[in-house]
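Chemist: Chain residues, written in single-letter form:
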Amino acid sequence: MPDTILFIDDEDIVLRSCRRIFAREGLEVDTAVSGEDGLDKARRKAYDVVVTDLKMPGLGGIEVLKTLRRERPETVVVVFTGYANVDTAREALKNGAFDYVPKPFTPEEIKEVVRNAVRARKEQGPARMLDLMAIVSHELKSPLATVQTTADTLYRGYFGKLEPGQQKIVETILRNCEYLEDVIRSYIDLSKMEIDGLASFQKEIRLASDVVGEVVAVPEIRDNLKKMPVQVEIADDPVIQGDPQLLKIVVRNLVNNAVKYGREGTPIRIRLERRGKDAVLTVRNEGVGISAEDIRDRLFKRFERLKQKGTEGVKGSGLGLYICRMVVEKHKGRIWAESEPGAWAAFHVALPLPSGPAA
Amino acid sequence: MAKKILIVDDDRDLVETLSQVLKVRGYETAAAYRGADGLRALLTEHPDLVVLDVMMETDTAGFEVADQIRSPRPGSRYAAFRNIPLVILTAIGQVTNSRFSLDPGDNFLPGVEAFLTKPVDVDELLAVIARLLP
Chain S
9 MPDTILFIDD EDIVLRSCRR IFAREGLEVD TAVSGEDGLD KARRKAYDVV
59 VTDLKMPGLG GIEVLKTLRR ERPETVVVVF TGYANVDTAR EALKNGAFDY
109 VPKPFTPEEI KEVVRNAVRA RKEQGPARML DLMAIVSHEL KSPLATVQTT
159 ADTLYRGYFG KLEPGQQKIV ETILRNCEYL EDVIRSYIDL SKMEIDGLAS
209 FQKEIRLASD VVGEVVAVPE IRDNLKKMPV QVEIADDPVI QGDPQLLKIV
259 VRNLVNNAVK YGREGTPIRI RLERRGKDAV LTVRNEGVGI SAEDIRDRLF
309 KRFERLKQKG TEGVKGSGLG LYICRMVVEK HKGRIWAESE PGAWAAFHVA
359 LPLPSGPAA
Chain H
5 MAKKILIVDD DRDLVETLSQ VLKVRGYETA AAYRGADGLR ALLTEHPDLV
55 VLDVMMETDT AGFEVADQIR SPRPGSRYAA FRNIPLVILT AIGQVTNSRF
105 SLDPGDNFLP GVEAFLTKPV DVDELLAVIA RLLP
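Protein chains in written order, with our numbering: chain S, 9 to 367; chain H, 5 to 138.
Since the hints were derived computationally from the structure, they do not count as laboratory data. Think of the CB as a built atom: it goes at the ideal place given N, C-alpha and C, for glycine as much as any other residue. Mixed in with the good hints there might be a few duds.
[Unchecked claim] Residues of chain H placed beyond 12 Å of chain S at every Cβ, according to the derived structure: (1) Ser75; (2) Gly79; (3) Arg81; (4) Arg135.
[Said to hold, decoys possible] Pairs of lysine-lysine residues, derived as DSBU-like cross-links and limited to a Cα-Cα distance of at most 30 Å, are as follows: (5) S:Lys268 / S:Lys234; (6) H:Lys8 / S:Lys169; (7) S:Lys234 / S:Lys309; (8) S:Lys74 / S:Lys102; (9) S:Lys340 / S:Lys211; (10) S:Lys235 / S:Lys149; (11) S:Lys309 / S:Lys149; (12) S:Lys119 / S:Lys130; (13) S:Lys63 / S:Lys49; (14) S:Lys149 / H:Lys8; (15) H:Lys27 / S:Lys176; (16) S:Lys169 / S:Lys235; (17) S:Lys309 / S:Lys119; (18) H:Lys27 / S:Lys149; (19) S:Lys149 / S:Lys49; (20) S:Lys256 / S:Lys235; (21) S:Lys169 / H:Lys27; (22) H:Lys7 / S:Lys169.
[To be verified] Residues from chain H that keep clear of chain S, each with C-beta distances beyond 10 Å, as calculated: (23) Thr21; (24) Leu53; (25) Phe119; (26) Pro123.
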């Protein structure tokens, strides 16, 4: 389905040139000759982007903008402003306009703004879905936990020893429960992150004891299914400013990945050290590794899963590392990966140490 | 005589599964699906231990049930049960009640013998019960 765009302007020549400029851009273009006409059209059709002039007889652009923000919050609104009219542009931005295009404009200028607006509209989609998913996730959590506990009682032979074939079937149920749990936990993590204000970032925390220590003590990590021992090496235990709950999500995700993509029985190494102005946490495992292309293009993006050989049977939400990146960026830090495909992978998280006199 | 476990949880399927497992292990069981019914079941069933979900969405919240058992008001009908072993079930990361917390430093509910997170690990539940009812 093509992206839909509506241009609102009282000057016919502007509308005609917009139609001409966007004739071959793969957009579905409509035009309206007044604010009233524009709102009427936008109420009947959910446009991805609306570009409106500000100064029009009758209903002005700011009114159109405000109404659209209220009635069609998913529509991205851009405004045309008169030449060098900074104040009206500022007012429009304050009222929720995505961007503005000063008149007169060149085809390239307006194309660029519209391209960005269309992209913004697309990125908004998953964010909205996320809110919904967070709600759904909470609802799914407890029935899923019950399925898991129930299947587990069969698996562990409480109601009689299973035949090998039955055992395999129950394992499939359990494996899929774990996958769903992973997805649900990821969504809940994400929504938590959006709810958490910046206030919680003022806390002084010790990475080793408040974050790493707590995560590696969790039984499902300590006694992981692949029998990979978790070795923690604390070269330094820096105090940083942050949110321990969110940072625990990062460490948990990195260690879970190390288990998921790790070679059975080989150690997972967690190292904490001070490097210049950063506290650096490294999680390293032996296993399938990650290709350079995946590291560059996919690794930390939302819903991306890698195409690395040996990961075909592994199910994941495709959100874990994206969540890690979000948390780390919230802490003004960096996350990156290194790997030798087929041999090992290492994830590094650098978090800034408080500046000023040494803590 | 077989010990009796009262399970209070609004998830009937989970109650059924846990009851079956406990029966296999030689316990008697009783069930209640709402907090208020759980309290009443103390009087009618005389359990030796209570497994209590504190995140029920029905009338009396699980934490209130725990509170009424542990800190009965003067003359309360439940006073006789103030020392009954309590095993609390919670969903992961949901122990956020102001009065009760997993952290012993925060107002830990006196005398709650164990917190288990969902999904319930049946081996762990049985181990906890075996420890509390030797």
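Chemist: For each hint given before, does the structure comply? Return the numbers of the non-compliant ones in rising order.
Modeler: Violated: hints 19, 23 and 26.
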